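Asks: So the mapping is simple: the working numbering equals the position in the sequence shown, first residue as 1, plus 1.
What the hints contain is simulated information worked out from the structure, not anything from laboratory work. Treat the hints with care, since some could be wrong.
Straight-line Cα separation of at most 20 Å, EDC-like style, residue types lysine to aspartate or glutamate; simulated pairs [what the hints assert, rightly or not]:
{"id": "1", "residue 1": "K274", "residue 2": "D294"}
{"id": "2", "residue 1": "K89", "residue 2": "E43"}
{"id": "3", "residue 1": "K290", "residue 2": "D74"}
{"id": "4", "residue 1": "K132", "residue 2": "D74"}
Please read these numbers as outputs of a predicted model, since none were measured by experiment.
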Amino acid sequence: MVLQISSNNDAKKSYKRHIKVTGSSTENEKIMLRETLNTILENSTAMPFRRYGNKYRCFYCNTSFSEATNLRDHTAEHENVNKSKCVKKNVTQLLVKLDIIGLQCKICYQSINEFDDLISHLGEHNMILNKSVLQYIICFKLSDGDIKCLFCNETFAFFGPLLLHTHRKHKCREFICETCGIGFGSKGAVDRHSQSVHPTSTYQCRYCEKKFFAVHRRDNHEKRIHNVHERKCHICGDVLGSIYKKDTHLAIAHNIWSSEFKCDICPKKFRYKHLLLSHNRRIHLKEKKIVCDVCGDRFFDHRLLKLHMARHSDLKPFECGTCQKRFPRKCGLVIHTRIHTNDRRYKCKLCEKAFVQFASLKLHTKTHHNSNSNYVNKKNKD
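Turn these sequences into a full structure, and let the hints guide you.
Replies: The structure is reproduced here in structure tokens:
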């Protein structure tokens with residue numbers, strides 16, 4: 002849902018005079034949008050998110066999810082993040098997407114159904130919001146099943162078609178693509194869309210002959226394929242898929258941490274604070290708020306519940322091509338396949354014995370070495 006709030010003529014004239022004095026209209030609107038969004042995020046449970054294909058992407062760390070509930074559980078782990086800093090970094094155009102399911106005021110904990118009601122409610126708490134930039138905020142109520150358009154209640158199986166429908170049918174954006182009619186919040190967004198979807202020129206890689214229809218795709222290719230030195234481990238020489246994976250590899254394989262947050266209760270340490278908070282909730286506080294409707298078992302998050310639900314189903318759609326054994330989940334088939342390929346990727350640091358499954362390695366260390374998991378060597382999966 003897009004909030005379009007009209008202002009009176011005096012306010013519009015005052016705003017135009019302000020823009021003439023302070024500079025670019027677009028840049029000033031971005032600043033005001035960031036300030037307004039930060040106020041909303043600090044004082045409500047509205048969840049910002051981004052889109053990558055038909056997947057949802059975390060606003061704070063770019064992790065991608067196929068299901069909205071997993072995104073929601075993950076985003077909750079960023080509760081204590083510096084929102085102002087993230088908003089300043091990530092809001093680069095005049096368009097922000099918010100999930101408003103379970104919307105609540107953080108000041109008085111009142112539940113609120115609609116975004117415009119939230120804006121009015123925050124005003125009652127003397128929160129200052131610039132209503133001229135609310136038109137650049139699009140609201141959705143995300144779910145794992147069909148997603149409803151907040152304008153007309155039409156349902157969609159995936160978020161991508163819903164977003165296209167919102168632009169095409171409800172014309173809520175000021176800048177429209179002349180080729181396909183999709184609307185956008187800024188001219189820059191239209192230009193990027195045209196480059197990617199309706200290209201008139203190509204961009205060649207500066208290191209090889211490969212060509213791309215969009216400059217950002219070329220840049221991503223160069224960084225991923227040719228800038229190997231940034232992703233190369235300086236200790237063992239392995240080349241990882243990204244800087245993040247390189248840092249993870251250094252921590253697991255060589256016990257070198259770029260940054261670390263230590264648990265006060267157990268010896269574990271983490272690269273990010275939100276992972277430490279999640280660890281404390283899951284391991285030490287034993288949080289299990291998600292309940293199975295079939296058997297009553299409780300789980301830490303929706304991902305674990307989804308894995309558990311396979312037990313209540315007779316469906317086993319994943320079949321091994323070697324021995325025809327069937328599995329309810331793809332991950333079970335992937336692990337099973339390692340038996341046929343003799344992929345013993347989990348090696349004991351004390352006796353060098355290797356195992357197909359990590360669970361087998363943990364059991365081995367406890368049984369034969371009377372040790373904990375700190376002595377296992379979990380192979381990098383990149």
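Asks: Provide an ascending list of the numbers of those earlier hints which the structure does not satisfy.
Replies: 1, 4
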